[in-house]
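Protein sequence lines correspond, in order, to chains A and B.
Numbered by our numbering, the letters in the first sequence go through residues 1 to 530 in order.
Numbered by our numbering, the letters in the second sequence go through residues 531 to 866 in order.
Simulated from the structure, these hints should not be mistaken for laboratory data.
Note that beta-carbon positions come from the ideal geometry of N, C-alpha and C, so glycine has one too.
Check each hint, because a few of them may be wrong.
Here are the simulated EDC-like pairs of lysine to aspartate or glutamate, each with C-alpha atoms no more than 16 Å apart in a straight line [claimed, not checked]:
no., chain 1, residue 1, chain 2, residue 2
1, A, K101, A, D202
2, A, K331, A, E343
3, A, K216, B, D823
4, A, K124, B, E577
5, A, K198, B, E616
6, A, K216, B, E706
7, A, K25, A, E257
8, A, K483, A, E461
A few chain B residues facing chain A, derived, Cβ under 10 Å [to be verified]:
no., residue
9, E571
10, E616
11, G679
12, P694
13, P707
14, G816
15, F826
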Amino acid sequence: MKRMLLATALGLGMTMALGAAAQAKTLVYCSEGSPEGFNPSLYTAGTTFDASSRQLYNRLVEFKRGSTEIEPGLAESWDISPDGLVYTFNLRKGVKFHTTKNFTPTRDFNADDVLFSLNRQLDKNHPYFNVSGGSYPYFESMSIRELVKSIEKVDDMTVRITLNRPESPMLANLGMDFASIFSKEYADKMMAAGTPEKLDLDPVGTGPFQLVSYQKDAVIRYKAFPRHWRGKQPIDNLIFAITPDPAVRWQKVKAGECHVMPYPNPADLDAIRQDPNVNLMQQEGLNVGYLAFNTEKKPFDDKRVRQALNMAINKQAIIDVVFQGSGKIAKNPIPPTIWSYNEDTKDYPYDPAAAKRLLAEAGVKGLKTNIWAMPVQRPYNPNARRMAELIQADWAKVGVEAEIVSYEWGEYLKRSRAGEHDTVLLGWTGDNGDPDNFMYVLLGCDAAKSGGNRARWCNKEFDGLLRKAKQISDIAERTRLYKKAQLIFKEEAPWVTIAHSIVFKPVRKEVVDFRISPFGQHEFYGVDIK
Amino acid sequence: MFRFILTRLGLLIPTFIGVTLLAFLFIHLIPGDPIEVLAGERGLPPERHAALLRQLGLDRPMWEQYGLFFLNILRGDLGHSLVTREPVLGEFLTLFPATIELSLCALAFALVIGLPVGIMAAIKRGTVLDHTVMGVTLTGYSMPIFWWGLLLIIFFSGFLQWTPVSGRISFLYFVEPRTGFMLIDSLLSGQEGAFRSAVSHLILPAVVLGTIPLAVIARQTRSAMLEVLGEDYVRTAKAKGLHPRRVIGLHALRNALIPVVTVIGLQTGVLLAGAILTETIFSWPGVGKWLVDSIFRRDYPSVQGGLLLIATVVMIVNLIVDLLYGLINPRIRHAR
Chain A
1 MKRMLLATAL GLGMTMALGA AAQAKTLVYC SEGSPEGFNP SLYTAGTTFD
51 ASSRQLYNRL VEFKRGSTEI EPGLAESWDI SPDGLVYTFN LRKGVKFHTT
101 KNFTPTRDFN ADDVLFSLNR QLDKNHPYFN VSGGSYPYFE SMSIRELVKS
151 IEKVDDMTVR ITLNRPESPM LANLGMDFAS IFSKEYADKM MAAGTPEKLD
201 LDPVGTGPFQ LVSYQKDAVI RYKAFPRHWR GKQPIDNLIF AITPDPAVRW
251 QKVKAGECHV MPYPNPADLD AIRQDPNVNL MQQEGLNVGY LAFNTEKKPF
301 DDKRVRQALN MAINKQAIID VVFQGSGKIA KNPIPPTIWS YNEDTKDYPY
351 DPAAAKRLLA EAGVKGLKTN IWAMPVQRPY NPNARRMAEL IQADWAKVGV
401 EAEIVSYEWG EYLKRSRAGE HDTVLLGWTG DNGDPDNFMY VLLGCDAAKS
451 GGNRARWCNK EFDGLLRKAK QISDIAERTR LYKKAQLIFK EEAPWVTIAH
501 SIVFKPVRKE VVDFRISPFG QHEFYGVDIK
Chain B
531 MFRFILTRLG LLIPTFIGVT LLAFLFIHLI PGDPIEVLAG ERGLPPERHA
581 ALLRQLGLDR PMWEQYGLFF LNILRGDLGH SLVTREPVLG EFLTLFPATI
631 ELSLCALAFA LVIGLPVGIM AAIKRGTVLD HTVMGVTLTG YSMPIFWWGL
681 LLIIFFSGFL QWTPVSGRIS FLYFVEPRTG FMLIDSLLSG QEGAFRSAVS
731 HLILPAVVLG TIPLAVIARQ TRSAMLEVLG EDYVRTAKAK GLHPRRVIGL
781 HALRNALIPV VTVIGLQTGV LLAGAILTET IFSWPGVGKW LVDSIFRRDY
831 PSVQGGLLLI ATVVMIVNLI VDLLYGLINP RIRHAR
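In isolation and in its complexed conformation, chain A is listed as follows (with noise of 0.2 Å):
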């Protein structure tokens, strides 16, 4: 009887177990690759910061999710002084950061944590400055270091940055994956104990979900972080399958083995809509892909050449051919999902007689020149060398003779940078949704010196317009400023605009509420599955 009562037990417990164990809510998704580590700040792939920033760590502010409007994060609130220079950060009270088997934390989140994860990336001097590497790649390109005068704390829960010059997508930039807060009671632990480098490899952060366990190339396990500061996720435990072919992503997909994957291949977009347990979301990328003219030498210093050469352009054939309708033409230098994108704009027709007469007016005969196509695949351009034939074949239509060039990518970036191209293929994917971070990075006068500013064309008018948007915070003015900028861009033509992408997301439809991140990460914060 006894030994029955024992069995009858064990059975209805193991019973209740398995019950849990079949109601924990998992979701996978088939990432497209290993993540290069857990701390954002040391890197700039889109993967890494899937795996890390996005579900370990939270900034001091927020994009709402499937938007790059600014919402509070760490911080609850914020006032910037009315010269633009000082933010004033009020730090959210009672955020918990996760218990690891290397740290239990004794204290909630406040102003030394901010000051440590910031303090980090700009003072050469800090001692976790050279830890993994030292480099921190967003962190330089944006020159916040130089932006930057100090970073205060004023109190436990009250932080101040000063800043060297007024700088509006400040508050922006503090929402990117590089900006995110690490614990400075977990670093001093970790150096104390004489393994500084745990902090970047076995991550600690206060995001809304914790890491349980990576396997290199394999899979990444999450689970919900209970004490999460905006409550426990609707799931309870979200796994990466690392699956770096689009093709077996889909099968995957198709199977029910994911629940979401990134990059389709275009072949299997049809096959995806008439998939009827999937839903096929879709949205404008952030990002642009162009052709600058290199305006230092001739004869691109001329406008009306760059003016002709973007009439020879026939830029629909590209979208159908190179981007096999996953792309929108471009007619601004920044995406349409961005504010300020100016509608007016015309773009130059596709007009190879009008190009022709152009370039006659310019006395430009017989032209031999250049198309450098990157060797490598990205979201603003799938196939560049593709794009170049048909730009190749278009230009010859004018009279105009190119070379495709092309190099290893590290030794493209670094040539292109230096100005050895007539013309360049490239692109750009926005950070913080400020349309600064498009047009000032890619189009202004220090980027023209620094390489950066690919048709390195430094227009007075142009970035004086830019670098007074930078100044004021009232998002109308910047609006109207950057609407002029846009006319002027399309006038000078140092680029042929030529796509913006379209991101497709196949996601099943037991997943309630993804939502499509115009930055192109992914997140899973708030999602759930039926």
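Given chain A, work out where chain B should sit, using these hints.
Only chain B this time, still in chain A's reference frame:
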């Protein structure tokens, strides 16, 4: 025999040094630098770029970098990955069991099918069976791995739903990596169904990776058998009235196996090369895919270390094959 082994081991030293040089030169001579790749379109100011190169020791002359690399190898230190900052040896050892598991299963598949099929084709020379075997193996040999893998996934995983699409085990099971071999770890985990799940995940990649070795082994076995079957001693054995099974199994096969063993040894390199594609398509976390990623990122220490370790494995396997000759055929042992 002892002297033979010593000579073979001695030959490994210059080969090894050559491999270190090749591994080093291979990644350093292709253009591009890791800092540029890491920074991407955003770029870095030239002074930071130079500072980081200096910090990584990449600004030193090539011979100095090689010397340092070589000295560190002697100390057993392959350096740290420039990207993940993890020790290269550690990363390799974590991923290598997956590649070995896959390669061994692929080889087993190739042997279990390739050997008997090759023998049968030789015995039934000129028949429909022989022609079929030759035709099918030629097709298998010519099959591009990537396409073949996708085809099998679409048919067996998508259409028939017999096998999972990719990965090493279902996510329902959380198997702690103890040996790194999923078949063993899943058994050790004691979770019901874990082993079956691991096996079902292994079938398609092993078949895909094993296809080319299977074709080579079958064809090699057939031609070696044909040669041996025409030898005098086989005729004598037959004339003595021995059972055909004994003639083929004992007299013919043992001699025919020598070239086959050579081929199997050479297939180790083919398996490791094929693993790169197979691992990518089946999301198999092995060293092949890791090495390719490292090359694209210009992660010098990982590429150098990875190439060196893989080359060492291939050298050791070929050494073992050399030694096996002696076991199979004592004449070779004496001849040397």
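Comparing the hints with the structure gives:
1. Between the alpha carbons of K101(A) and D202(A) the distance comes to roughly 9 Å, so the proposed pair stays at or under 16 Å and holds.
2. The suggested pairing of K331(A) with E343(A) holds, with an alpha-carbon distance near 9 Å, which does not exceed 16 Å.
3. With a C-alpha separation of about 12 Å, the suggested pairing of K216(A) with D823(B) holds against the 16 Å cut-off.
4. Among the hinted pairs, K124(A) with E577(B) is consistent with the structure: their alpha-carbon atoms are about 14 Å apart, no more than 16 Å.
5. For the proposed pair K198(A) and E616(B), the alpha carbon gap of about 11 Å is at most 16 Å, so the pair holds.
6. With a C-alpha separation of about 13 Å, the suggested pair K216(A) and E706(B) falls inside the 16 Å cut-off, and the hint holds.
7. Pair hint K25(A) plus E257(A) holds up; C-alpha atoms about 14 Å apart against a cutoff of 16 Å.
8. Between K483(A) and E461(A), the direct Cα distance comes to roughly 13 Å. Compliance with the 16 Å bound is thereby established for this hinted pair.
9. Checking E571(B) against chain A by beta carbon gives a least distance of about 6 Å; that is within 10 Å, so the hint holds.
10. The interface hint given for E616(B) is met, as the beta carbon of that residue sits about 8 Å from the closest beta carbon of chain A, less than 10 Å.
11. With a least beta-carbon distance of about 8 Å to chain A, the hint placing G679(B) at the interface is held under the 10 Å criterion.
12. For P694(B), the interface hint holds, the least distance from its beta-carbon to any beta-carbon of chain A being 7 Å, beneath 10 Å.
13. Taken as an interface hint, P707(B) checks out: its beta carbon lies about 7 Å from the nearest beta carbon of chain A, inside 10 Å.
14. Annotation: G816(B) was flagged as interfacial toward chain A, and the flag holds, the nearest CB pair being 8 Å apart, inside 10 Å.
15. Given hint, F826(B) at the interface with chain A, holds; its Cβ is 8 Å from that chain's nearest Cβ, closer than 10 Å.
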